[in-house]
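Taken in order, these protein sequences are the chains called A and B.
Residue 344 in our numbering sits at position 344 of the first sequence; the count goes up by one each step and never skips.
Residue 1197 in our numbering sits at position 197 of the second sequence; the count goes up by one each step and never skips.
Simulated from the structure, these hints should not be mistaken for laboratory data.
Even for Gly, the Cβ is constructed at its ideal location relative to N, Cα and C.
You may find that some hints are simply not true.
What follows is a list of derived Cβ distance ranges for each label pair [to be verified]: (1) H128(A) x R1297(B): 21 to 31 Å; (2) V109(A) x P1197(B): 26 to 36 Å; (3) G14(A) x V1131(B): 42 to 52 Å; (4) N163(A) x V1131(B): 51 to 61 Å; (5) K104(A) x A1194(B): 29 to 39 Å.
With the Cβ distance kept under 10 Å, some of the chain B side facing chain A (calculated, not the full set) [said to hold, decoys possible]: (6) A1198; (7) D1199; (8) E1202; (9) N1210; (10) Q1213; (11) H1217.
Far from chain B by the CB rule (all over 12 Å, computed), these chain A residues [what the hints assert, rightly or not]: (12) G29; (13) L259; (14) E280.
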Amino acid sequence: MASVSLKQVRKTFGSTEVLHGVSVEIGDGEFVILVGPSGCGKSTLLRMIAGLENVTHGEIAIGARVVNDVAPKERDIAMVFQNYALYPHMTVRDNMAFSLALAKAPDTVVEARVGRAAQILGLAQLLHRYPRQLSGGQRQRVAMGRAIVRDPQVFLFDEPLSNLDAKLRVQMRAEIKQLHQRLRTTTVYVTHDQIEAMTMADRIVVMNAGHVEQVGTPLELYDRPANLFVAGFIGSPAMNLLEGQIDGGVFRARSGMDLPLPAATECQEAQTAIYGIRPEHIQLRDDGLPATVYVVEPTGSETQVIAHWAGTPVVCAFRERVTARPGDTIRIAPEPRLAHLFDNVTGLRINGLQ
Amino acid sequence: MPDGIDAPRETATRRKLSRRNYARSYWLFILPAGVVVAAVILFPWAFTLFMSLQDMHVGSAMSFAGLANYRRMLDDDRFLWAILRTLYFTSLSVFFPTIIGVAAAVCFNKHFPLRSLARTIFILPMMATPVAVALVWTMMFHPQLGVLNYLLTSAGLPPSTWVYDSATVIPTLVMVETWQWTPLVMLIVLGGLASLPADPYEAAQLDGANGWQCFRHITLPLVWPFILVALVLRAVDALKAFDTIFVISGGGPGTSSETLNLYLYQQAFAYYDIGFASAIVVVFFALIMLVTLLLMRRRSATS
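This is chain B alone, in the form it adopts within the complex:
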């Protein structure tokens, strides 16, 4: 029966053909997304890069400046200090939320009465609007009228200058950042802890490990990939922190809390030096990429 033999072959060829036709029309489906990406990511990027090579002030003519904007950065003390301050602020606001977040996750991974309620309360700061939160903190930081100094003096401790002194402003901002973003780290790590198998712990118990040794030798290595994810998110967030700092200290006193983000904001929207601000954005982007890549590399090395 020749029909019976030929029929399957024919459908196979047809299937292959139709698959090829699909392949040809795939690009139509990704076109909308491609347009959006090009319009809101690629074009702004290319344009920023273009602007960074121009001498460009709002309201005046634009001229090609080559690498002059970049060269200017090297001589700009305020810029270099902004980088150092950004790194200082970032390392502290990665360190504290991670330590406290991991500790909190370990606590919330244990069963205790009202655990769900406690967990909900713990993650509330994360859900608040940063600017609104910053305004409330600003009131609390007021040296004479703020509740924080009232509490300190009530407890017999000396009042603090909080954000009104260049020595305490960054640690104070880190405190706000820690308060708001520790829950995020906790949630990520808690998810990791929940996915850990239970039996290695029983084996470790028999092998003679105490609570701390279980944590050190089993929990920490197993949950490390999750901690790294939290580290990456936290590092990127802290590097580009703007709203909290802008509202609470505005980069002051003087420039003592001026991070890179605040500095480039000043350059672009206070001094209208768009060319120079664009060059800072390019360097800033490179810095964020570098930090992220370093952390991601650590991640792939462990997994």
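Extracted from the complex, chain A is given alone in its bound form:
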């Protein structure tokens, strides 16, 4: 196991710079997820750690060793690819044993390591099958088995669950997390799915357009998003963002209504700002502001309501069962303690800066 350190890493393809100086420190044994929308550079960054892309500028270190010019096979890492990248002409056993065979490991070692990986992943019955005879989830497991057999310093996962159906994805999510808890190998995991990031990571690196937007634990990102991008990206359904200005101790939304300011707001009077409130932090209150219900989506555990609040659509998620029907008026209020304020020019968080 080893730490991974990225210092001011840049990457250009031709004249296009796709990573603009990324610095992240990943601790020994940590499970870090790189998350961001398509094209934000997260996969490129992972491939650079793997050595499949060269580093244009900056420094990548695994453990104490700078690996910028080290060949992928010398880096002591294992990677699980999005489409598994299994060797189609080899059996499950041979797929997993390939790296050991190349390293000319003795048969007993190969058997032991492959056997252990197969047992961890429940592949023991499938060792003689070919990849084409396996289901998506099984192929995914073989790809992980191939990584485990290597017993590497670092595991790299490149969107490993995106080709699986929803149910299997949830199951594999738990398995990967369990695997990490069992092996404690440093893991860097790339996904565009923020739920995956929230549920699995020790720490999340939110990326956007080649920049790191915020690094933190899942709950830090949820509770204290550093900017508008993170606020909108983390959390499902997404945070409601209302434009307006801070005026006389309240937030006056553009549509005219006044919302209570979050505690400890350090800002000048009469500043334009964006007020963020998560759907689950809006409550039904008799003294709340009136809103017109547009859509009601009961999910069983909660009820999502899309309502127009003085003309602005907001999404609310209520734990209680709501009997309102479209067209009805409900009275709702944000929980001021849990509201977020952002500068509408820079997009940075205003209230409660760390």
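Knowing the structure of chain A, use the given hints to seat chain B on it.
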């Protein structure tokens, strides 16, 4: 509403009926193709088989000979040597184009400047007319006036006898065959290489494979079905090679490059022994089928 219920059932029955009618008239559509196949493949075949059982010389009466023509082959040294020579020629002209073709395909699968131009130049031999090419090679092989010996002596090497010596004639013919048909193998294998997924290579890179190991353990097994197709085509082509050999050496010196095809040509059109030549054709056909089937079997075993 009885109409509403009955209507779909009625259309269903009608559809089934019309489908059956189609089935009845299918044979009309395959009739033209069937006539052509019968006229140019089945009839010649049956007639060849018939002729092989006759004592039949051009210009003389025909009589039934039973298996005499086939029995004659067993005692005919020239025929047996022709078979061995055919196999010798075929194995060499399958081996070299395949090795060089695969190597060339791997090279052309990589990016380098002027790749398209180089590839076009590489496949030019395949597009040339075999007889014209053979005539040019014949000139180049001339011991005194040919450019090849001039080049050899200029480089300080001893001149070769090329097609004028029974020891060198078949390797020389194989050289021409290789020059002309390596591009075909290259094209087939290049098509295969282009269809290979890229990600197993990245996985192999991380698994610690070097360039040769990637080729040996990933490229070769994955592209093997394509190589087998090239092998089958090349084997069939080499077995029935005629024009190049006929023009360059005519089966000589003596009979030292006389393959089965040339031998049966001699029997049929020089000695006019149509019965015996037909019997050779039947055996030749069996040989080609056997080699092809063996290769195809290898193919289905791997895929």
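Status of each hint after checking the structure:
1. Separated by about 23 Å at the C-beta atoms, H128(A) and R1297(B) satisfy the suggested range of 21 to 31 Å.
2. A hinted range of 26 to 36 Å for the beta carbons of V109(A) and P1197(B) is consistent with their spacing of about 29 Å.
3. At about 50 Å, the CB distance of G14(A) to V1131(B) agrees with the hint of 42 to 52 Å.
4. At about 55 Å, the CB distance of N163(A) to V1131(B) agrees with the hint of 51 to 61 Å.
5. Between K104(A) and A1194(B), the C-beta spacing of about 32 Å keeps the proposed range 29 to 39 Å intact.
6. The closest approach between the C-beta of A1198(B) and any C-beta of chain A is roughly 9 Å, which is under the 10 Å cut-off, so the hint is satisfied.
7. A cut of 10 Å between beta carbons decides the hint on D1199(B): the least distance to chain A is about 4 Å, and the hint holds.
8. A cut of 10 Å between beta carbons decides the hint on E1202(B): the least distance to chain A is about 6 Å, and the hint holds.
9. For the restraint placing N1210(B) at the interface with chain A, the shortest Cβ-Cβ distance is roughly 8 Å, inside the 10 Å limit, so the hint holds.
10. The criterion of a C-beta within 10 Å of any C-beta in chain A is met by Q1213(B), whose closest approach is roughly 6 Å, and the hint holds.
11. Interface hint status for H1217(B): upheld, as the beta-carbon distance to the closest one in chain A is roughly 7 Å, under 10 Å.
12. Residue-level check passed: G29(A) sits 21 Å from the nearest beta carbon of chain B, beyond 12 Å.
13. Here L259(A) stays apart from chain B, with its beta-carbon at least about 50 Å from theirs, past the 12 Å limit.
14. The claim that E280(A) lies off the interface holds: its Cβ sits roughly 40 Å from the closest Cβ of chain B, which is beyond the 12 Å cut-off.
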